[in-house]
Amino acid sequence: METIKKIFIVLGSLDRRIIFIIVGLSVLIPLLKPEWVDLPIRPTPESQIVFDEINKLNEGDKVLLSFEYGPSTKPEIHPMAIAILKHLYAKNIQVYGFALWPDGNFMSTEAFSEVSDDYDKKYGVDYVNLGYKPGGEAVIKGIASDIRTLYPADLQGTSLNDIPMMKDVINIEDFDFVFSLSAGYPGSKEWVQYACDPKNIPLSTGCTSIQVTDIMPYVENDQIRGILAGMPGAAEYESLVEAELQKMEISGKPGEASGMMAAQSIAHVVIVLFIIFGNISYFITRKKNRKG
Amino acid sequence: MNNKVIIWSVLFLILLGLYVLGEGLIFVEGSRVKFAAILLVSITIYYYIDRARSGEEIYLRTIPGLKALEEAVGRATEMGKSVLFVPGISDLDQVETITGLNILGHVAEHTAKYEASLNVPVSKSIVMEAGRDICKESYLRAGRPDLYSDNMVHYISDEQFAYAAGVNGIMQREKPAACFYLGKFYAESLILAETGNSIGAIQIAGTGSMAQIPFFVTACDYTLIGEEFFTASAYLSKKPELLGSIKGQDIVKLLVMAMMVLTVVLNGLFQTGWINFDILSYL
Amino acid sequence: MLLKRQIPLMIVIGVGLLTLFGNFINNEAVRGFVDNDATQWFDIIASFAIFLGALNMLKLQLIKIIKKQKNWQYSILAVAGFAFAIFAGFFYRGANFITIADIQDGQLAIVSGIIAEELNETNPYDIKTKIMGSQDEYEIDKLFMTEGNAKLFMEKLTPFVGVINLKSKPWGAHVQTKGSLFYWMFINMITPLGATMFALLAFFVASASYRAFRIRNFEATLLLVAGIILMLGRVPIGNLIPWWVVSIMLMFGIGAIAAPFIKERKILLGIVSGGIIIFIIFGTLMGWNQTPPALLSIPIIQDWIFAFPAMAGSRALMIGIALGIVATSFRIIIGLDKSVLGG
Numbered sequence: 001m002e003t004i005k006k007i008f009i010v011l012g013s014l015d016r017r018i019i020f021i022i023v024g025l026s027v028l029i030p031l032l033k034p035e036w037v038d039l040p041i042r043p044t045p046e047s048q049i050v051f052d053e054i055n056k057l058n059e060g061d062k063v064l065l066s067f068e069y070g071p072s073t074k075p076e077i078h079p080m081a082i083a084i085l086k087h088l089y090a091k092n093i094q095v096y097g098f099a100l101w102p103d104g105n106f107m108s109t110e111a112f113s114e115v116s117d118d119y120d121k122k123y124g125v126d127y128v129n130l131g132y133k134p135g136g137e138a139v140i141k142g143i144a145s146d147i148r149t150l151y152p153a154d155l156q157g158t159s160l161n162d163i164p165m166m167k168d169v170i171n172i173e174d175f176d177f178v179f180s181l182s183a184g185y186p187g188s189k190e191w192v193q194y195a196c197d198p199k200n201i202p203l204s205t206g207c208t209s210i211q212v213t214d215i216m217p218y219v220e221n222d223q224i225r226g227i228l229a230g231m232p233g234a235a236e237y238e239s240l241v242e243a244e245l246q247k248m249e250i251s252g253k254p255g256e257a258s259g260m261m262a263a264q265s266i267a268h269v270v271i272v273l274f275i276i277f278g279n280i281s282y283f284i285t286r287k288k289n290r291k292g
Numbered sequence: 001m002n003n004k005v006i007i008w009s010v011l012f013l014i015l016l017g018l019y020v021l022g023e024g025l026i027f028v029e030g031s032r033v034k035f036a037a038i039l040l041v042s043i044t045i046y047y048y049i050d051r052a053r054s055g056e057e058i059y060l061r062t063i064p065g066l067k068a069l070e071e072a073v074g075r076a077t078e079m080g081k082s083v084l085f086v087p088g089i090s091d092l093d094q095v096e097t098i099t100g101l102n103i104l105g106h107v108a109e110h111t112a113k114y115e116a117s118l119n120v121p122v123s124k125s126i127v128m129e130a131g132r133d134i135c136k137e138s139y140l141r142a143g144r145p146d147l148y149s150d151n152m153v154h155y156i157s158d159e160q161f162a163y164a165a166g167v168n169g170i171m172q173r174e175k176p177a178a179c180f181y182l183g184k185f186y187a188e189s190l191i192l193a194e195t196g197n198s199i200g201a202i203q204i205a206g207t208g209s210m211a212q213i214p215f216f217v218t219a220c221d222y223t224l225i226g227e228e229f230f231t232a233s234a235y236l237s238k239k240p241e242l243l244g245s246i247k248g249q250d251i252v253k254l255l256v257m258a259m260m261v262l263t264v265v266l267n268g269l270f271q272t273g274w275i276n277f278d279i280l281s282y283l
Numbered sequence: 001m002l003l004k005r006q007i008p009l010m011i012v013i014g015v016g017l018l019t020l021f022g023n024f025i026n027n028e029a030v031r032g033f034v035d036n037d038a039t040q041w042f043d044i045i046a047s048f049a050i051f052l053g054a055l056n057m058l059k060l061q062l063i064k065i066i067k068k069q070k071n072w073q074y075s076i077l078a079v080a081g082f083a084f085a086i087f088a089g090f091f092y093r094g095a096n097f098i099t100i101a102d103i104q105d106g107q108l109a110i111v112s113g114i115i116a117e118e119l120n121e122t123n124p125y126d127i128k129t130k131i132m133g134s135q136d137e138y139e140i141d142k143l144f145m146t147e148g149n150a151k152l153f154m155e156k157l158t159p160f161v162g163v164i165n166l167k168s169k170p171w172g173a174h175v176q177t178k179g180s181l182f183y184w185m186f187i188n189m190i191t192p193l194g195a196t197m198f199a200l201l202a203f204f205v206a207s208a209s210y211r212a213f214r215i216r217n218f219e220a221t222l223l224l225v226a227g228i229i230l231m232l233g234r235v236p237i238g239n240l241i242p243w244w245v246v247s248i249m250l251m252f253g254i255g256a257i258a259a260p261f262i263k264e265r266k267i268l269l270g271i272v273s274g275g276i277i278i279f280i281i282f283g284t285l286m287g288w289n290q291t292p293p294a295l296l297s298i299p300i301i302q303d304w305i306f307a308f309p310a311m312a313g314s315r316a317l318m319i320g321i322a323l324g325i326v327a328t329s330f331r332i333i334i335g336l337d338k339s340v341l342g343g
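Residue numbers (this note's numbering), protein chains in the order written: chain A, 1 to 292; chain B, 1 to 283; chain C, 1 to 343.
Excised from the complex, chain A in its bound form (with noise of 0.2 Å):
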C-alpha cells in the first residue's frame, strides 16, 4: 500500500519535461502508426447541418469561401477547406475565393491547387481566387454592396471582367451560400455582422475548437447554419463527404483530420490520466500532512 502511495506521490509532482515528452509520444505514435488505432467518428448534429446545408445547393450555384486561417492554424482548418471544395465540385458548384487574412491568400492557393486538378475544374470557369484585400469588415462591407470596388482584378492579376464566372457576381446577394474557414478575427461573427445577417444570406462556418464558444450564441440563432469545430468537426464532415463521394461514386484520397483523430483521442486521454494521478497524489499528500 505503501508502495503504491509512493509511486502516486511521485506521479503528482512530475517534471514537466516527462510530462511533455509522454504527451509528445502519445500524439507521435499514432501519427506515424495511425492502423493502430481505428476510432469510429460520429458525426455531431452541428456538422450534420453543414454537410446537409451545402448538399441542398444545386449544380450551378455560387459559393464564396472566404479563407481566414495561416500556418499556424493549418493543422485544424486545412482539412476542412479541402473537404469543403471536394464536396462543392462533386456538386458542380462554382466556389469563389476570398480571403480576410494575409496568410488565406497562400491558404487559398494551395486548396485550390490541391483539389481542383482531380476534380477536372478549370480557373475562371469552375474556381476563381480574388484573394486578399486588407481592411477586415470594410472589405466585407465591400463584397457586400461592389465586389469590384474592392477587386478589379483577381490573385493573378486578371481583370474580373476576362474571368467568365464573374459575369453576374455584383455583390454577396449574388451568392447563393458562404462558408467561412475562420481561425480568428476577422472572421465568421464579422460575416454575420456585415454581410450575411443584413442580406440574408446562408452562412456556415469551420473555425479553430477554441473559438467555438465565440461563435456558438451566433449557430443558436440560427445566423450560422451550424460549425464545424475544430479538428474533430473536419474529421466529421470529411466522413460525411467521403460517405456522399462513394454514393456518387467518385473516387478520391482519404481526408488528413480523420487520421489525425486517433492522435488527437489518446493525446486527451494522457491528459485526463495525469489529472486523475495529480488529483489522488494531491489527497495523499494532503492526508500526509495533516497526520504530520
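Certain hints may be false.
[As the list claims (entries may be wrong)] Keeping only pairs whose Cα atoms sit at most 27 Å apart, straight-line, the calculated BS3-like set for lysine-lysine is: (1) C:178 / B:175; (2) A:253 / C:64; (3) A:6 / C:266; (4) C:130 / A:121; (5) C:64 / B:175; (6) C:67 / B:81; (7) B:136 / C:266; (8) A:121 / C:266; (9) A:288 / A:5.
The hints are simulated quantities; they were obtained by calculation from the structure and are not laboratory data.
Assemble chains B and C onto chain A, guided by the hints.
Using the frame of chain A, we list chains B and C on its own:
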C-alpha cells in the same frame, strides 16, 4: 426623482423624437432601436459621470488583480529583476489595446518610482509609438525622466507566433519577476502564461478575449475577467468622473438584465397567446 | 501642448462622434466614410507605420551584434531572416514559366512526352490535348524558381517548337504564386515554424491542466469534472466509453458532494461502492449494454454542457465585455479618458 434625471429623460425623448421625425430624410430608416439603445447607454453613463463630478462617493469593490499591480512591481524591485509588460497582439484600433496601454501608464509610474527596469515588447508599430509616449509621460510624472529609454518599448514582430516566440525568449533569458499580460490575446496566451509560470514570475493578466480568459485564470496569479479589465484605467486613476462612468456601466448592465427578463416574460406571454405584442419582431 | 494634446483630442472626439453617429445619418458621403474610408485610413497609416517597427527591430538586433551583447548570435539569425524575406519579396521574383507556340508538324507527341516527363505525369495524351486546345500559346504548367533551371528545360524543347518564351509572373502576384522564392519561404519556413509554435499549446495545456485541476473546493471540482467530460466527449474515444464507466464517475461525483456531510469515511465508501454495484446490476438488467441511456453517454453530456452552462456563461461574459468596450469607447470619444494620448 431629482431634476437631472428628469432633464436627461426629456433630452432622451426629444432626441429620439427628432430621429423618428427625420427618419428617411436625414436619418436612416429601421435603426430606431439601435439609436435608442446608444442614446440610453450614453445618457446613463454621462449622468453618473456628472453625479461623480458633483461630489458623490462612488463605491467600487476591490479588484485583487489591480491591487496586486504595485505589489508585483515591488517584488520585482526587491529581487533585482525586470518587469515584463505585454500589451497584447492587436493594433491600436482595438479597445483592449488602448486599455492595456492605459494600465501600462500606471505600471510605468510604479517602475519609475521603484527604479525597476521595464520591458514592453510589442507586436504593432503604432502600439510601440503610443507605448513610448505613455511610458515617457509616466516617468516624467514620477519625477524620473532620466530612467526612461526608448528601448524599453520595442517591436518584435507582427506575426502572432513569431511575437510569442520572441516574448518567450525574453522571459527565458531575462527571467522577469513580474509579468503583465493586459490587452487582446489569441492562442499565444497560454504559451506566454505557462512560460511565465515556469520561470516563477508573478503574473497578472487581463483581456477581453473571452476564449483566452480560462487559460489566464489557470496559469496566472491574478486575472481581470471581462469588464474588470476595462474598468482598470478608471479604477487605478481614482478620478471621480472615471469612477462615475464605471457606475454608469453597471447601471446599464442592470438595464440590460431587466430588458432580458422583460423580453422573456413578454415573449412567453405572446407564445401562449395571452398578448398580441411580439417583442422579438420589434427588437 | 496644443499640438500634443488639444489637437489630437479634437481629432479623437470629432472622428469618434462622426463614426458613431454616422451609422444613422442618411448621407452617401458620411456613410461612405464610416463604412469604408475610416477603416482604410487606419490600414494605410498602420501599413506605413510598419517601417518604424521594422527599423526598430533591425536597430536593436544590429546593436546586439556589433556590441557582442549576451546571446548576440541569435540576432544574426533575426537579421538574416529579415534580409531573406526582403530579398524574396522585393528583389528576387522566381515564378518563371515557359510558353510555347508554333509546334512543328509531327513533333506534338515528342513535345508532350518531354513536358509530361518534366511534370512527372504518366499520360502525355492529356498534355497533348491541352496543347491542341490552347489558342495562341500554351503555358507549361510548371513554375521554375531560377531562370537557369527554366533555360535547361527550354533547351530540351527548342528543337521541336517554333516559338518558346521564358516569362515571369508579375511583381506582387509573385508572392502568392507557387514556384516563387517567397512562396517557397512561406510554405517551407514560415508555415512549419508557425505550426510548431501552435503545437506547443498541446504540451502547455497538459502541464497547465496537470497543475491547476485539483479538487480544492466545490468550484474547482466542478471545473475538473466538466473539463474531463469535455476533453473526452469532443474526440471519437468518448463514444467508446461504456455506460458503466460513466455511472462509476457519477457515483464518485455524488460521493464527493456528500463527503462534507458524512464524517464516517467507511459509511461514505459503503454508499459509493454500494451505489456503483446497484447501478451496474440495474443497468445490466435494463439492457443498457445494448441501448445505453443518453444521460450515461459522454458525448451527449458534453453536448449538453456546451449548449447550456458553457453557453450561458460565455454569453454573460460576452455582454459584460461588450459593455466594458462601450463604456471605455464612450470615455475616449467624449475626451474624458486622455491616457491614450500620453497622460
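**OP:** Take a quick look at whether residue 136 (chain B) and residue 266 (chain C) sit within 27 Å of each other, Cα to Cα.
**Re:** The given pair, whose Cα atoms are some 66 Å apart, is violated under the 27 Å limit.
Original post:
Is the Cα-Cα distance between residue 130 (chain C) and residue 121 (chain A) 27 Å or less?
Top reply: holds, 14 Å
Subject >> Restraint check for residue 178 (chain C) with residue 175 (chain B), where alpha carbons must lie at most 27 Å apart >> reply: Cα-Cα ~42 Å, so violated.
Original post:
Does residue 288 (chain A) pair with residue 5 (chain A) here, judged by a C-alpha cut-off of 27 Å?
Top reply: Roughly 10 Å between the alpha carbons, so the hint for residue 288 (chain A) and residue 5 (chain A) holds.
Subject >> 27 Å Cα cutoff - pair residue 253 (chain A), residue 64 (chain C) >> reply: Not satisfied, since the Cα-Cα distance of roughly 50 Å exceeds 27 Å.
Original post:
Hey, residue 64 (chain C) versus residue 175 (chain B), does the alpha-carbon distance stay inside 27 Å?
Top reply: Distance ~19 Å between residue 64 (chain C) and residue 175 (chain B) Cα, so the pair holds.
Original post:
Regarding the pair residue 6 (chain A) and residue 266 (chain C), is the alpha-carbon distance no greater than 27 Å?
Top reply: holds, 23 Å
Subject >> Satisfaction of hint between residue 81 (chain B) and residue 67 (chain C), Cα-Cα up to 27 Å >> reply: The hint holds at about 23 Å.
Original post:
Straight-line Cα separation of residue 121 (chain A) and residue 266 (chain C) no greater than 27 Å?
Top reply: violated, 71 Å
Against the hints set out earlier in the document, violations occur for numbers 1, 2, 7 and 8.
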